Each structure stands twice: as structure tokens, then as C-alpha cells.
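Asker: Here the protein sequences come in this chain order: A and B. Going letter by letter, the first sequence gives residues 24 to 408 in the numbering used here. Going letter by letter, the second sequence gives residues 263 to 599 in the numbering used here.
Just so you know, the hints here were simulated from the structure itself, not pulled from any lab data. Just so you know, these numbers come straight off a predicted model, no measurement behind them. C-beta: ideal position from N, C-alpha, C; glycine also. Hints are supplied without guarantee of correctness; some may be wrong.
Each pair of labels, with its calculated beta carbon distance range [as the list claims (entries may be wrong)]:
id, chain 1, residue 1, chain 2, residue 2, range
1, A, G124, B, W418, 55 to 63 Å
2, B, G483, A, A264, 33 to 41 Å
3, B, G556, A, V44, 39 to 47 Å
4, A, V45, B, L356, 52 to 60 Å
5, B, Y485, A, F92, 44 to 52 Å
6, A, S338, B, S442, 21 to 29 Å
7, B, T309, A, V80, 48 to 56 Å
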Amino acid sequence: MSTVDEPERRRTTGTADRGDVVALIGSAAAAVAVAWLVFTRLAPFGGTIGFLIIAWVVFLGLYGFLTSFTENALTVRDRLARALVYSIAFVALVGLIVIVGYPLVRGIAALRHANFFTEDMANAGPLDPLTQGGILHAVVGTLEQIAIALIIVVPLGLVCAVFLNETRGAFSRLVRTIVDAMTALPSIVAGLFVYAALILGLGLERSGLAAGCAISVMMLPIVIRASDVVLRLVPGSLREASFALGAGQLRTVWHVVLPTARSGLTTAILLGTARGIGETSPVLITAGFTAYLNTNPLSGSQVSLPLETFSLVTSPEEAMKSRGFGAAAVLMLLVLILFVLARVLGGRPAGDLSRGQRERRRRASLADRERFIARINERNGGTDQ
Amino acid sequence: MTSLRTAMSSSRAEEARRRVAPPGGADRVFRAMLRIVGVLVLAIMATVGLFLVRNGSDALGMAGWSFLTTQAWQPDSGNFGIAAVLAGTVLIALVALCVAFPLAAGVALFISEYAPPGARRALVSLVDLMAAVPSVVYGLFGAVFLQWNLLDVPRWISTRFGWIPLFTVDGYDPDDPLSSQTVFASSTFFAGLIVGMMVMPIACSVMREAFSQAPPGEREGAYALGATKWGMIRSVVLPFARGGMIGGTMLGLGRALGETIAVYMIIAPVFVIQPHILQSGANSVSAMIAQQWGAASPFGLSALMAAGLALFALTLVVNFGASAIIARSRSGQESEA
Chain A
24 MSTVDEPERR RTTGTADRGD VVALIGSAAA AVAVAWLVFT RLAPFGGTIG
74 FLIIAWVVFL GLYGFLTSFT ENALTVRDRL ARALVYSIAF VALVGLIVIV
124 GYPLVRGIAA LRHANFFTED MANAGPLDPL TQGGILHAVV GTLEQIAIAL
174 IIVVPLGLVC AVFLNETRGA FSRLVRTIVD AMTALPSIVA GLFVYAALIL
224 GLGLERSGLA AGCAISVMML PIVIRASDVV LRLVPGSLRE ASFALGAGQL
274 RTVWHVVLPT ARSGLTTAIL LGTARGIGET SPVLITAGFT AYLNTNPLSG
324 SQVSLPLETF SLVTSPEEAM KSRGFGAAAV LMLLVLILFV LARVLGGRPA
374 GDLSRGQRER RRRASLADRE RFIARINERN GGTDQ
Chain B
263 MTSLRTAMSS SRAEEARRRV APPGGADRVF RAMLRIVGVL VLAIMATVGL
313 FLVRNGSDAL GMAGWSFLTT QAWQPDSGNF GIAAVLAGTV LIALVALCVA
363 FPLAAGVALF ISEYAPPGAR RALVSLVDLM AAVPSVVYGL FGAVFLQWNL
413 LDVPRWISTR FGWIPLFTVD GYDPDDPLSS QTVFASSTFF AGLIVGMMVM
463 PIACSVMREA FSQAPPGERE GAYALGATKW GMIRSVVLPF ARGGMIGGTM
513 LGLGRALGET IAVYMIIAPV FVIQPHILQS GANSVSAMIA QQWGAASPFG
563 LSALMAAGLA LFALTLVVNF GASAIIARSR SGQESEA
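Bound-form chain A, shown alone (with noise of 0.2 Å):
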């Protein structure tokens, strides 16, 4: 891209001043004491929301008129968008909070009783308390289907990402461009693709086996573009030293390119499996509904977690309510486990390896150069006897 060596940074330009400070403070104290006069002296207002939108206008015209004492126009745009910018981030930011926090938060009551997780549905009433059943039935079938639609997804989505970076032509741009555009197929079409080709055209019963199929069809367009990505990040160089070292093409994806690859491989696949995890419609299309146990995944009614969890909170009954913000922490946790794994096992660039693995490598290297000498050493000692 550049022409020098060091390829080119961004600067920094962050130039907060005191005065920049002190008036953004005083901005803020200011719109809250403004909105505080209007709610509770001035007019017939009420609602959070509304003294915190309130708030907010206040702030930003005060802010802008504030900094328009000591700067020009342009810099008080500057500071108003930044303003805004923030606020928008922040807004994201405790939304995101609030909307994990929250059925962690309401589910407590239902995940303090260890039957929540040791039985099913089977002898719960509606009016029974939360010391009688759980979610067992929902947590086997969660983890069945997402296992069959893995054993499915891995061998397919790598081997195809692999495909789309290996071969070049016609066919693989066609095989892309399809990949691409079914990323954001809906998960329910994909309940009713499987629900015609599997259990309409091949004659199975609604099963987990039928659910997994359809949640490994939702997961393997978005499987196979995180790794194509992935692996086209893989430095053309490394490839090229492989095949000049005389290794083949098959050699060179083995040995060279997916070991270089592992971690953002890893992070595509564990972040389709949280995707896959929490897809309610394909089950609720292709595996019906049940309240007793099934370990069977070939045949039978077989519920998961994120279909207990709709299915429970429709319900009127409190306790029925509380069970389904237990399922759904516990499917809330699922996926900040898989999310918290990927990111701790993957996420970096293809090659920029972590401190364990470059010690692993050092120490690799290391063997080598001994194993090196002493074959060097060996062969002299041949050629001198």
C-alpha cells in the first residue's frame, strides 16, 4: 500500500483543555438542574425517560453555547458532534447491559432451586411452585441439536472456506456470492427448508435430529464467510514460502494455512455455534414442543432452551414467567461462556500469536536446533568412519 517501510498511523488529536473540561462539567450539572426546575416546579411532566431526553437537549445547547465563548463555529460543531458521538456510544453500551443483565437478574429465582436443572417439565403444573421442575429437558436438547448441526458445520464450513480461498474461477465466485447473500437468511426459512426436504421429503417425524439439520443450515453461510475471511487474511508470503520449500497444495493448507488461521477459525466457529444456540423458529418449526425429557434426538418432540423459554414466558402464571428467565439466563450464560471462549482462544490476526504460543514455538525451535546438530554431528561421524 505504501511505498516506505513503516506503514502508516493514524495520529491522535485529542487536544482537551482544561477550560474544555470545566465547561463540559458545568454544562452537565446545569441540564440536570434545568431539567430537575422544569419536572418538578415548572410543567406537568413525568417519566424518566422523558428528564433524561430533556436533560440531554439542555446539555448539548448549553454546551455548544458554552464553548462558543472561547472558540469559533467550527470547533463548537466539532464539540457537539463529539458530544454526540459519545452519547450514542453510551446509549449502546449500558442498552447492551441491560439487556444481558436482565434475565440474569429476573431468573435468579428460578435458578436458586437445583431441581431447575436436574428435572423436566414432566410434573410441573401450571400452578406448581419453582421447587417442582426445570429446564433438564431443554439443556439436553439445546446441547444435541447444536452438536448434530456442528458435526454437520465444522467439516462443511472449513473444508468450503477453504474452497472459496484455494480455487480461483467462475464456480467459487458463484459458491461466494450465494454464501454471502444466505448469511442473513431467516432462521425460519430455514425451519421450513427443513421441514419440506427432511420431514415432508424424506418421510422423518419431527425430531432434534430435523432441528439440528436446520440450524446447521442457518449456521453454514455464516460459518463458512467468518472463515473465508479468515483465511484470506493469511499472508499470501507464508503460502508462497510453503510451495517453494516444494510443499503441494494440500500440504500448504494442512501445514501452513490453518495452523496460521487456528484463532480466527476458532472465533468463526464458536461464534456461529452462540448464533446457532439461541435460534428459536427453526426448532419451533422442525422439533415441536414437549415438556418431558427426551435424550433421543432420532425421534420424538424434542425442545431447547431458547423454545422453552418463549414457550414459558407466554404463559400467564408467575411461576411459569420465572422459569422462563431462568432458561433464558441459563441460555444467556451459554453464549457469554462460547462468546468468552472465542475471544480468549481466537480473535487475534492470522499469525500475531499469544505469549503461550510464542513460548511454544521458541521452545519448538529449540528441539529442532538441537535434533539438527545432533543429526549433523551423526552424519560426520558416518562420513568420517
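We have chain A; now place chain B onto it with these hints.
Answerer: Coordinates of chain B only, in the frame set by chain A:
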């Protein structure tokens, strides 16, 4: 590293260094296998539409063009169509875009331009996490918490701007202090709000990528000409990333059109075209399929397949458009160094 070791150990016996994998042979098998998998994936993806057409053809053949113009959904008496649910789907998706676009653009700008460089990776992770939250959790949050705590917002809009047909709410009189607020719940507005929060991270990650690809030289040039940060963003980053912004938004639109369970949990289903977005009662194609699935007759299933086909075609068009725009906006793949 591993390759080296294997190469060494396999050639230990010979004296001369030999080519590890002669051309042809294993590589030919390997390439054939890659191609087979490619064909397989393509076949799976291509048959999605095929199976929907085959199973939906009964209903489509019976309804004919009225499938697109009828609002009711009574497949067993022959009176059914997707006019109402399709309009509902588009309205929900449009509301979602109005929510998602400013949020996504703001967060993407924050991450790529304003956030301290050390925090960028963590922020990107948080946005990715938002994309990984299951839709049933979003639906739960919207149906049980958000819409009952935010009823003031549609009430205020309806009171002030009720003269605009879009914001009219039948059965609500602003002058009547005792009027019920429940006419504002379960509406297109809240469904769109939640779906907008769901698709925000998808649009955001495309936009962020586009923003961060704005050339550093031109940024510096803008600064050198005396631009403020915002001036630089407006004159360099935003024009450069316009394709990415449009593409990301369309990608979000594709997701918004197909969202099922979150919409299903929030709305109160109706089968008429409901142009009043603040009023209780809405519907979407995917939510209708989920509602009607359990109690459908074989012909009803066929009708639902036909509805699914319409949704599939709609999202496919939007997605193709989005990926074409994004691909065009990406000026070359620098990664192939």
C-alpha cells in the same frame, strides 16, 4: 514449524532432498474434494428456494395473484394472502432501520474515531456480543420490560404529532386523563425498536470496517488544511465510507425483515394493513408463520410455505443488493500482501 518437522522426518531416510508432494496425486484428490464440498454447499443453499416453491405451489396455484393482495389469512376457506403481513414486515423493518442507523453510525464512529486505541478491541467485542445475544432474549426484554416502561414515548408522539396519519392512534384521546395506555403496547413501533437494537451490531460492524479503511493520508491532509476532527470526519471518513454505510444498513434490513421470535413475542397479531405504527396490533410474515404453524392443515402448511417463499425472495433481493454495494465500496483487498 510443523510442516518443517514432518518434512524433515519423512525425508530422513534419503540423502537427496526431494519434493515433498509431487504435482498431481494427493493434490488432485484434494482439489476434487474441495470442489465436491463447494457443490454440496451450493446445492444446499440453492435447494432452499426449490423446496419452498414445490411445497408452496398448491397454495400459490389456488390463490393466484390474490395471494399478494388479500389481507386475511384463512387458508382453509380459500381466502388468504400476504398483503397485511408483508406491509407489516416492511413497516417493522423501516422502524428498525430508523433506530439502527443512527445508533450503528454513532457507535461505529465512536469505535473507529473517538475511542482510545487501547479500548477498541474491547469495544468491538462488546458490539459482537450484542450480535450474539439470542433473539428470544431481545424479545423477552422488549415484551416484558421495555414496552411497559417506554409507553410515554409513543403517547407523547401521538399527542403532539397525531395529525400525521402515521402517528394516529385510534381510541386514544389526549384530553382524557383516564384513557388507557395499553393501546400503545404491542405495536409496530416497539417491535421495530427491539429489532432495530438487534440489527444495530450487524450494521455497525460493516460501518466500522468502512470507517477504519479511510486512508490515513487524506485524514492528515484534512487536518493539515485546518479541519477539526468533525470536519475531517465529514469531509474524509463519511464520504469514503458511504458505500459501507449503505451496505451495512441494507444488511441490517435483511436481518430485520426475517426476524421472527422477537417480533412474535411483542406484537398483538392483526390481519389488516396497519399503517398506524404506534397503535397496538401489528404483524410480520415470519411471525405469522410461527403463529399459524402449530394449528395448520396440510393446505395451510402449503400456504405458509408460500408465505415463507415470499419472505425468502424479499430478503434475498435485499441481501444481494447489500453485498453488491459493500463489495463495490471495498477498494481492493489489501490483505493479499
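Asker: All hints, please: hold or fail.
Answerer: The hints, checked one at a time:
no.	hint	result
1	A:G124 - B:W418: 55 to 63 Å	27 Å, violated
2	B:G483 - A:A264: 33 to 41 Å	37 Å, holds
3	B:G556 - A:V44: 39 to 47 Å	59 Å, violated
4	A:V45 - B:L356: 52 to 60 Å	43 Å, violated
5	B:Y485 - A:F92: 44 to 52 Å	25 Å, violated
6	A:S338 - B:S442: 21 to 29 Å	24 Å, holds
7	B:T309 - A:V80: 48 to 56 Å	53 Å, holds
Comparing the model with each numbered hint stated earlier shows that hints 1, 3, 4, 5 do not hold.
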